[in-house]
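This is what each chain is made of:
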Amino acid sequence: QKEVEQNSGPLSVPEGAIASLNCTYSDRGSQSFFWYRQYSGKSPELIMSIYSNGDKEDGRFTAQLNKASQYVSLLIRDSQPSDSATYLCAVNAGGGADGLTFGKGTHLIIQP
Amino acid sequence: DVKVTQSSRYLVKRTGEKVFLECVQDMDHENMFWYRQDPGLGLRLIYFSYDVKMKEKGDIPEGYSVSREKKERFSLILESASTNQTSMYLCSSGWGDTDTQYFGPGTRLTVL
Numbered sequence: 003q004k005e006v007e008q009n010s011g012p013l014s015v016p017e018g019a020i021a022s023l024n025c026t027y028s029d030r031g032s033q034s035f036f037w038y039r040q041y042s043g044k045s046p047e048l049i050m051s052i053y054s055n056g057d058k059e060d061g062r063f064t065a066q067l068n069k070a071s072q073y074v075s076l077l078i079r080d081s082q083p084s085d086s087a088t089y090l091c092a093v094n095a096g097g098g099a100d101g102l103t104f105g106k107g108t109h110l111i112i113q114p
Numbered sequence: 021d022v023k024v025t026q027s028s029r030y031l032v033k034r035t036g037e038k039v040f041l042e043c044v045q046d047m048d049h050e051n052m053f054w055y056r057q058d059p060g061l062g063l064r065l066i067y068f069s070y071d072v073k074m075k076e077k078g079d080i081p082e083g084y085s086v087s088r089e090k091k092e093r094f095s096l097i098l099e100s101a102s103t104n105q106t107s108m109y110l111c112s113s114g115w116g117d118t119d120t121q122y123f124g125p126g127t128r129l130t131v132l
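Listed in order, the protein sequences are those of chains P and E. Residue numbering for the first sequence follows my numbering, starting at 3 and increasing by one per position. Residue numbering for the second sequence follows my numbering, starting at 21 and increasing by one per position.
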């Protein structure tokens with residue numbers, strides 16, 4: 003059974019600070035890792051994908067992957083109130099068309 | 021821009037009715053997926069398809085069926101709706117080589 007674990011939160015971060023979101027996964031064969039943002043009542047929106055160990059930066063977002071520790075994280079720099087949402091970590095074993103396994107999400111609140 | 025559309029944002033049906041949820045994507049994606057999302061349970065995969073007329077069961081296929089007659093369209097069918105199928109239904113699509121998935125806006129289904 004593939005599992006993806008996230009702290010449900012809420013994680014409260016002051017505006018302008020760095021928000022750090024973490025995710026662990028159980029399937030050591032996982033190849034593809036994703037972060038989605040979901041506003042209340044809306045569908046998930048893809049923010050970042052990462053496939054190899056290390057850091058990947060896109061604007062204010064940085065995804066970090068450590069396959070040895072089975073750990074993936076998302077850093078949001080200069081947090082804005084509009085970043086307040088639930089962040090979903092998703093993992094795929096890769097190499098095929100299987101669906102993603104999602105964590106239950108971390109609720110992030112950016113305090114003005 | 022990737023566009024995934026779903027036939028309805030909100031739907032109310034009666035117990036025992038046959039329900040059709042439709043999803044259309046305009047990016048020529050091979051893979052299409054149906055998930056349901058419930059509070060405390062997160063996103064769970066119902067069915068997916070990696071080609072026209074192909075379908076695979078996900079983690080919770082009971083009570084559902086699917087149809088993919090054309091590459092751009094993937095339908096979820098509730099043969100006889102029950103109250104425990106009240107949920108947010110999310111369709112996604114993506115290319116097979118990256119595992120990336122893009123979500124439609126979702127359909128909030130209420131079964132009375």
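Simulated from the structure, these hints should not be mistaken for laboratory data. Do not take every clue at face value.
Stated by the list, open to error - Dumping the calculated BS3-like pairs for lysine-lysine here, alpha-carbon to alpha-carbon at most 27 Å:
id : chain 1 : residue 1 : chain 2 : residue 2
1  : E       : Lys33     : P       : Lys4
2  : E       : Lys73     : E       : Lys38
3  : P       : Lys106    : E       : Lys77
4  : E       : Lys90     : E       : Lys77
5  : E       : Lys75     : P       : Lys106
6  : P       : Lys106    : E       : Lys73
7  : P       : Lys106    : E       : Lys91
8  : E       : Lys90     : E       : Lys38
9  : E       : Lys38     : P       : Lys4
10 : E       : Lys77     : P       : Lys44
11 : P       : Lys44     : E       : Lys33
12 : P       : Lys106    : E       : Lys90
13 : P       : Lys58     : E       : Lys91
14 : E       : Lys38     : P       : Lys44
Stated by the list, open to error - From the structure, some residues in chain P lie toward chain E, with a derived Cβ separation under 7 Å:
id : residue
15 : Ser42
16 : Ser45
17 : Gly101
Ideal Cβ placement from N, Cα and C applies to all residues, glycine included.
Going through the hints against the structure:
1. As the CA atoms of Lys33 (chain E) and Lys4 (chain P) are separated by approximately 33 Å, the hinted pair breaks the 27 Å bound.
2. A hinted pair counts as satisfied when its Cα atoms are at most 27 Å apart, and Lys73 (chain E) with Lys38 (chain E) qualifies at roughly 21 Å.
3. Straight-line distance between C-alpha atoms of Lys106 (chain P) and Lys77 (chain E) comes to about 21 Å, which keeps the hinted pair within the 27 Å bound.
4. Distance hint between Lys90 (chain E) and Lys77 (chain E) is fulfilled; the C-alpha atoms sit about 19 Å from each other, no more than 27 Å.
5. This hinted pair checks out: Lys75 (chain E) and Lys106 (chain P) have alpha carbons roughly 25 Å apart, not beyond 27 Å.
6. In summary, the hint linking Lys106 (chain P) to Lys73 (chain E) is not supported, as the alpha carbons are separated by about 31 Å, beyond the 27 Å threshold.
7. Distance hint between Lys106 (chain P) and Lys91 (chain E) is unfulfilled; the C-alpha atoms sit about 30 Å from each other, more than 27 Å.
8. With a C-alpha separation of about 21 Å, the suggested pair Lys90 (chain E) and Lys38 (chain E) falls inside the 27 Å cut-off, and the hint holds.
9. A hinted pair counts as satisfied when its Cα atoms are at most 27 Å apart, and Lys38 (chain E) with Lys4 (chain P) does not qualify at roughly 32 Å.
10. This hinted pair checks out: Lys77 (chain E) and Lys44 (chain P) have alpha carbons roughly 25 Å apart, not beyond 27 Å.
11. Restraint check: the Cα-Cα separation between Lys44 (chain P) and Lys33 (chain E) comes to about 21 Å, which is no more than 27 Å; the hinted pair holds.
12. Taking the CA atoms of Lys106 (chain P) and Lys90 (chain E), the gap is near 32 Å; set against the 27 Å cutoff, the hint is violated.
13. A distance of roughly 32 Å separates the Cα atoms of Lys58 (chain P) and Lys91 (chain E); the hinted pair therefore is violated under the 27 Å criterion.
14. The hinted pair formed by Lys38 (chain E) and Lys44 (chain P) meets the criterion: a straight-line CA distance of about 25 Å does not exceed 27 Å.
15. Restraint check, Ser42 (chain P) versus chain E: the minimum CB separation of about 11 Å is more than 7 Å; hint violated.
16. Given the 7 Å rule on beta carbons, the hint for Ser45 (chain P) holds: about 4 Å separates it from the nearest Cβ of chain E.
17. Checking Gly101 (chain P) against chain E by beta carbon gives a least distance of about 4 Å; that is within 7 Å, so the hint holds.
Of the numbered hints stated above, those contradicted by the structure are hints 1, 6, 7, 9, 12, 13 and 15, listed in ascending order.
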